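Construct the entire structure; sequences and hints are all you get.
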Amino acid sequence: MSTALNEALATLLTRCEPDAEHVAIGDIVPIPGGFSRETFRFEADLQRGSTTKRSAYILRKDPPYEAAILHTHRSVEHDLIEAVRARTSIPVPRSIGYEMDPTVFGEAAMVLECADGSSTTSNLFFDGPDADQADDVIRHLCEALVELHETPIDSLDPSGNLRDPRGVGIDATNWDRYMATTFEYYIDGYDRINREPGLCILLDAFLTLRRHPPRPLPLSVLHGDFNPANFLYKNGRVTAVIDWENSRIGDPREDLGWMVMMDGLSKTAVMQHPVDEGGFLAYYNRLRGLDITPEELGYFILFGTANIAVPINEAIARRVTGQNREILHLYLVQSSITALPGIGQLLQYPGIPVS
Amino acid sequence: MITSPTIDQILEGVIISLADDIMPSIENPKAAANCLMVQSLLQGVRQLLTVIDDQLVDEHNDMIAVLRRSAEALTDNSAAAQRMRERTESVCDRDPLPAPMDRAAALAAHNELTRAIEESMRDLDEMLTAGDNSAHDALLIIREHLGQRYLRDVTSIQVGEGFIGRS
Numbered sequence: 025m026s027t028a029l030n031e032a033l034a035t036l037l038t039r040c041e042p043d044a045e046h047v048a049i050g051d052i053v054p055i056p057g058g059f060s061r062e063t064f065r066f067e068a069d070l071q072r073g074s075t076t077k078r079s080a081y082i083l084r085k086d087p088p089y090e091a092a093i094l095h096t097h098r099s100v101e102h103d104l105i106e107a108v109r110a111r112t113s114i115p116v117p118r119s120i121g122y123e124m125d126p127t128v129f130g131e132a133a134m135v136l137e138c139a140d141g142s143s144t145t146s147n148l149f150f151d152g153p154d155a156d157q158a159d160d161v162i163r164h165l166c167e168a169l170v171e172l173h174e175t176p177i178d179s180l181d182p183s184g185n186l187r188d189p190r191g192v193g194i195d196a197t198n199w200d201r202y203m204a205t206t207f208e209y210y211i212d213g214y215d216r217i218n219r220e221p222g223l224c225i226l227l228d229a230f231l232t233l234r235r236h237p238p239r240p241l242p243l244s245v246l247h248g249d250f251n252p253a254n255f256l257y258k259n260g261r262v263t264a265v266i267d268w269e270n271s272r273i274g275d276p277r278e279d280l281g282w283m284v285m286m287d288g289l290s291k292t293a294v295m296q297h298p299v300d301e302g303g304f305l306a307y308y309n310r311l312r313g314l315d316i317t318p319e320e321l322g323y324f325i326l327f328g329t330a331n332i333a334v335p336i337n338e339a340i341a342r343r344v345t346g347q348n349r350e351i352l353h354l355y356l357v358q359s360s361i362t363a364l365p366g367i368g369q370l371l372q373y374p375g376i377p378v379s
Numbered sequence: 079m080i081t082s083p084t085i086d087q088i089l090e091g092v093i094i095s096l097a098d099d100i101m102p103s104i105e106n107p108k109a110a111a112n113c114l115m116v117q118s119l120l121q122g123v124r125q126l127l128t129v130i131d132d133q134l135v136d137e138h139n140d141m142i143a144v145l146r147r148s149a150e151a152l153t154d155n156s157a158a159a160q161r162m163r164e165r166t167e168s169v170c171d172r173d174p175l176p177a178p179m180d181r182a183a184a185l186a187a188h189n190e191l192t193r194a195i196e197e198s199m200r201d202l203d204e205m206l207t208a209g210d211n212s213a214h215d216a217l218l219i220i221r222e223h224l225g226q227r228y229l230r231d232v233t234s235i236q237v238g239e240g241f242i243g244r245s
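Protein chains in written order, with the numbering used here: chain A, 25 to 379; chain B, 79 to 245.
Derived by calculation from the structure, the hints in this document are not laboratory data. Hints should not be assumed to be uniformly reliable.
[Stated by the list, open to error] A few chain A residues that don't get close to chain B, going by computed Cβ distances all over 12 Å:
1. Arg216
2. Arg234
3. Pro318
[To be verified] Result set (SDA-like, lysine to any residue): computed pairs, CA atoms no more than 20 Å apart in a straight line:
4. A:Lys258 / A:Thr127
5. A:Lys291 / B:Val232
6. A:Lys291 / B:Gln236
7. A:Lys291 / B:Ile235
Please read all numbers here as calculations on a predicted model, not as lab measurements. We put the beta carbon where it would ideally sit given N, CA and C, even for glycine.
Written out as structure tokens, the structure is:
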């Protein structure tokens with residue numbers, strides 16, 4: 025990694041850790057994980073007086089605008105993470121700071137503490153090496169989600185940045201307006217992603233969902249990408265809920281629906297735990313005193329899928345028209361194809377077997 | 079069938095990724111050479127895909143004529159000549175293959191019909207919202223067709239399970 029990157033990181037850490045008298049950056053190693061940001065792990069020695077402490081950090085950097093899947097703001101993500109840390113007991117790694125000036129890191133970037141714990145969450149399921157921890161870890165994960173959804177919106181988002189973080193015209197002043205303006209975004213978005221009419225199942229989904237709205241629930245701060253890859257665990261506890269970049273105000277059933285969708289695509293079994301509570305949804309309902317039904321989850325699987333499908337397919341469309349050279353965007357066509365029959369199943373397409 | 083990105087765009091994307099993402103990180107000279115070979119092979123496949131159907135048909139039909147003319151050119155009745163005449167008579171007893179499908183034209187026609195399905199969905203939504211129940215049956219007919227397409231797409235395109243790069 026370049027000296028310039030080392031210097032930029034040292035400058036950011038010195039600025040955000042004011043009592044640090046000297047900062048020395050160690051090796052910077054790119055790591056996989058997360059489809060939307062460039063992520064690196066590095067260690068730094070922070071000298072305070074006669075004490076020097078070595079800590080591990082994560083650098084999350086935006087890809088170039090045309091290559092980015094989600095156009096989100098590192099400053100908003102930082103503020104939310106720090107609000108969650110300050111006002112809830114949800115385990116979230118500290119966000120050290122951010123740099124929005126693209127001349128410093130090449131694009132906007134943020135630095136977080138490196139969380140303790142395993143990110144190989146697939147080990148929790150199907151006789152994996154940590155299957156004995158699955159119930160306890162997922163119980164804790166569910167409790168964290170409940171706490172997020174029950175924390176007052178103004179407490180976590182006092183500046184209102186999460187009301188329409190993509191700047192696409194969402195009005196989150198109440199549930200009805202939120203749903204109506206979100207459908208406008210989806211249906212308008214369909215025309216932008218329309219490289220391929222074969223994806224008209226998405227249009228069918230958007231229109232069908234709009235015709236059959238569910239009962240309202242109070243809006244919440246959502247994680248926004250609540251899936252089996254976005255938490256770490258250790259000794260039967262969640263040690264970190266990570267990747268808050270798609271967080272926003274929305275219907276809490278969106279987080280649940282997205283987990284169901286990604287649980288299936290990732291071949292994990294988050295929703296089956298904790299077993300003694302009858303699974304994730306039953307435990308969530310019990311903690312919140314709600315009675316969200318599997319049918320409602322089916323609705324929000326589609327609704328939540330739309331939230332990700334629009335920006336992903338916009339990115340694929342940019343790749344197809346040559347606006348970037350990302351292999352990931354081509355791979356997403358292949359890897360997400362399996363979701364289409366699942367969407368058809370939820371829309372009750374004839375001839376699609378129930379899996 | 080999902081027709082965009084095209085097969086050629088996918089192959090080109092892999093070649094670009096090898097150059098942009100993989101080659102700069104390769105330090106082993108043999109691995110670097112193998113990477114160049116992979117790029118070369120993929121480029122060859124791109125080129126082959128554009129001509130293979132035409133050339134197969136062209137060469138197939140030309141061989142029928144060549145074998146016939148060649149057998150007709152023989153004047154003696156040796157055993158070898160007789161074998162050649164019999165072989166020609168046997169294998170050339172067939173019709174020439176038809177000209178291969180114009181893939182670009184087929185894609186355009188397929189695209190036009192799928193766009194019609196897409197627009198029908200908007201009209202059906204308007205009718206359903208207005209309470210026209212016959213639109214429900216019409217929508218089911220379209221959904222049944224699309225469902226079978228998506229099931230076939232998964233069989234044709236999916237490789238492995240889950241998302242690479244995610245835990």
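Tested hints:
1. Arg216: 14 Å, holds
2. Arg234: 8 Å, violated
3. Pro318: 21 Å, holds
4. A:Lys258 / A:Thr127: 38 Å, violated
5. A:Lys291 / B:Val232: 16 Å, holds
6. A:Lys291 / B:Gln236: 14 Å, holds
7. A:Lys291 / B:Ile235: 18 Å, holds
The earlier numbered hints that this structure contradicts are 2, 4.
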